[in-house]
Amino acid sequence: MSATPVLALRGVSKRFGAVQALTDVELEVHAGEVVALVGDNGAGKSTLVKTIAGVHPIDDGAIEWEGRPVSINKPHDAQNLGIATVYQDLALCDNIDVVGNLFLGREIKRRGVLNEVEMERRARELLTTLSIRIPSVRIPIASLSGGQRQTVAIARSMLGEPKLVILDEPTAALGVEQTAQVLDLVERLRERGHAVILISHNMADVKAVADKVAVLRLGRNNGVFEVKSTSQEEIISAITGATDNAVTRRAARNGEAQK
Amino acid sequence: MSIDKTSANLGTTTDHVVENPEAAADAVTAVDPRLLVREQGLKGYVTEFKRKMRAGDLGSIPVVIGLIIIGAIFQSLNSNFLSAENISNISVAMVATGMMSVGIIFVLLLGEIDLSVGSVSGVSGALMAVLSVTHGVNEWLAVLAAIAGGALIGAIHGFFFARVGAPAFAVTLSGLLFWLGFMLQILGDNGTINIDSEGVVGQLTTYYFSDIAAAYGLATLAVVVFFVTSFLDSRRREAAGVPSRPLSEIVLRTAVLAVVGFAAAAMFNQYKGLPLALVLFITVLVVTDFVLRRTAYGRKVFALGGSVEASRRAGINVTAVRISVFAIAGTFAAIGGLFWASKIAAANQSAGAGDLLMNVIAAAVIGGTSLFGGRGRTWNALLGVMVITSIQYGLALEGIATPIQYMITGGVLLATVVIDSVTRRTQKTAGRA
Chain A
1 MSATPVLALR GVSKRFGAVQ ALTDVELEVH AGEVVALVGD NGAGKSTLVK TIAGVHPIDD
61 GAIEWEGRPV SINKPHDAQN LGIATVYQDL ALCDNIDVVG NLFLGREIKR RGVLNEVEME
121 RRARELLTTL SIRIPSVRIP IASLSGGQRQ TVAIARSMLG EPKLVILDEP TAALGVEQTA
181 QVLDLVERLR ERGHAVILIS HNMADVKAVA DKVAVLRLGR NNGVFEVKST SQEEIISAIT
241 GATDNAVTRR AARNGEAQK
Chain B
260 MSIDKTSANL GTTTDHVVEN PEAAADAVTA VDPRLLVREQ GLKGYVTEFK RKMRAGDLGS
320 IPVVIGLIII GAIFQSLNSN FLSAENISNI SVAMVATGMM SVGIIFVLLL GEIDLSVGSV
380 SGVSGALMAV LSVTHGVNEW LAVLAAIAGG ALIGAIHGFF FARVGAPAFA VTLSGLLFWL
440 GFMLQILGDN GTINIDSEGV VGQLTTYYFS DIAAAYGLAT LAVVVFFVTS FLDSRRREAA
500 GVPSRPLSEI VLRTAVLAVV GFAAAAMFNQ YKGLPLALVL FITVLVVTDF VLRRTAYGRK
560 VFALGGSVEA SRRAGINVTA VRISVFAIAG TFAAIGGLFW ASKIAAANQS AGAGDLLMNV
620 IAAAVIGGTS LFGGRGRTWN ALLGVMVITS IQYGLALEGI ATPIQYMITG GVLLATVVID
680 SVTRRTQKTA GRA
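Protein sequence lines correspond, in order, to chains A and B.
Here this note's numbering is used: the first residue of the first sequence is 1, the next is one more, and so on.
Here this note's numbering is used: the first residue of the second sequence is 260, the next is one more, and so on.
Honestly, the hints are just simulated from the structure, not real lab data.
Just so we're clear, the structure is a prediction, and the values are computed from it rather than from any experiment.
We put the CB at the ideal spot given by N, CA and C, even for glycine.
Just to be clear, a hint being listed does not mean it is correct.
Said to hold, decoys possible - Examples of chain B residues lying across from chain A (beta carbon under 7 angstroms, computed): (1) R494; (2) R496; (3) R512; (4) A514; (5) G532; (6) F561; (7) I575.
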């Protein structure tokens with residue numbers, strides 16, 4: 001794990017009119033690390049992700065990319081840096097096959113004509129590398145199960161070889177087997193050296209794949225925990241605010257210091 | 260599908276380093292046993308076909324069966340129905356509706372509807388006649404102006420739909436009335452302008468390539484081009500290590516095309532020869548099919564029919580694609596209008612009225628284009644319009660009046676939509692919709 005984080009947020013704040021959505025939020029993600037971002041509804045998880053993805057520019061604070069300060073003002077800026085976001089509602093077209101969806105908006109062309117052969121070859125290569133199992137790359141997305149669709153959506157984000165992948169509740173609507181497939185994929189992303197931010201409500205998933213858990217509460221940091229040395233109860237109390245007092249804040253600080 | 264070829268490919272991977280070869284190798288071999296993997300060769304083709312039948316993925320089969328039934332019924336009623344003359348007449352008469360249907364298919368692929376195509380075709384015919392006959396403009400220029408006018412009208416509809424955000428149904432419904440009025444206005448008090456039947460437009464539906472070599476030549480060209488492109492594509496896929504069509508399948512498909520092509524050519528040569536209108540129609544079908552299935556633009560049209568939000572996130576300019584699709588519908592409506600004017604050798608007040616709009620939409624749907632967007636091909640226009648025009652001609656041969664014609668065409672359309680809905684339901688239960 002490198003010393004310089006791929007992405008670091010320093011005192012990021014964001015307001016929407018009268019609502020202070022984020023206040024002085026700090027977050028660090030290293031290469032080859034999965035950071036779970038958890039918090040109750042309205043804690044600011046989605047807003048935080050959207051500031052990183054360039055959907056909402058930040059009001060205060062700084063974003064550092066590989067140690068350099070950068071400004072991310074539109075989705076394109078984030079993509080150029082190497083940030084890929086997989087949103088909760090899948091951005092796939094049901095009627096188009098897997099290859100077509102993977103390359104939607106960035107088709108490979110040969111003399112102005114779609115180069116289906118090259119796209120299919122690269123699609124198979126990518127899916128094989130990520131150990132994604134689907135019946136055929138030439139069947140419409142509609143024929144795939146929810147878990148398979150999610151893996152295709154994640155694979156799609158990998159085409160640009162991003163350094164940071166943000167997954168917004170990737171297992172929210174999935175069954176047991178399918179969730180396991182997606183979690184496998186998240187682990188493979190880490191093995192390949194990508195930094196991953198995983199938003200999840202599911203503590204079992206978080207415990208299964210994340211290295212660190214960053215808790216947001218009412219738009220503020222409420223502790224960053226090492227998954228291995230933290231119990232599920234501690235994380236849940238941080239989310240709900242049951243332990244929001246001087247003692248736990250001190251414990252959280254110590255936890256940070258040990259790292 | 261070949262699994263082995265992919266694994267051979269793994270070693271040549273350059274931009275993705277396989278960090279976990281065991282997992283990757285595992286994925287290659289551990290394919291879910293429930294998956295229906297297609298075998299290579301003809302046997303695989305047969306099993307794939309059976310599976311598609313059971314899953315309700317009928318493709319063009321209901322239409323082809325329908326055409327055979329229509330042919331059999333009318334032939335038994337009147338032995339002239341399947342004569343070279345009648346079939347030749349049908350294939351010329353259907354082009355006006357067919358051209359407009361091609362444009363409608365683009366709009367249906369978006370999951371939208373254009374109700375104005377009938378009126379726009381009337382405007383196109385009137386514009387061409389007024390410019391060339393009344394004002395003495397060069398006929399080629401008048402034709403270009405009419406087509407450009409259709410494109411502009413379509414783009415205006417597209418602007419109000421895509422940019423302003425009004426429902427396409429309402430925008431084109433207003434267009435239906437507005438352009439009908441516009442056509443009546445430019446035709447003036449007189450109401451009918453006869454066009455020169457020897458002119459550019461006049462010859463659209465009256466010219467035949469009487470040399471028998473023309474029809475056979477076109478059939479040969481189609482067969483050769485089809486075989487060569489399929490074969491080269493298959494070779495390229497094989498070289499890249501992705502599943503390819505076996506040679507036996509290519510030969511079979513080419514043989515089917517050859518039988519149909521040469522039978523049609525022989526039939527046309529028994530009457531006046533190869534009709535120009537049909538050549539133009541088939542050219543349009545080949546070009547539009549290529550655009551929709553082989554270019555990035557076509558992929559965008561399908562993507563919008565699947566999911567607008569996904570298309571937007573993929574960086575597709577949704578507004579521009581929508582406007583362009585309506586412009587295409589307007590263009591083909593105008594082209595259809597010219598064929599219509601050619602057929603009646605005049606631009607008159609009833610052009611684009613009556614059941615034309617319904618026939619255009621019905622042809623697209625009967626041919627297999629989904630009303631729900633994202634599914635269809637421009638070749639659907641050919642099959643659909645053949646069904647509709649055959650029914651019209653068959654009933655006319657029997658001397659059956661228009662009211663009955665309307666009712667029968669309506670019934671056929673309903674049957675098609677029922678088949679479409681039922682197959683969609685079967686496809687859903689089979690997990691393929």
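(message) Are any of the numbered hints broken by this structure? If so, which, sorted upward?
(response) Of the numbered hints given earlier, those the structure breaks are 1, 3, 4 and 5, listed in rising order.
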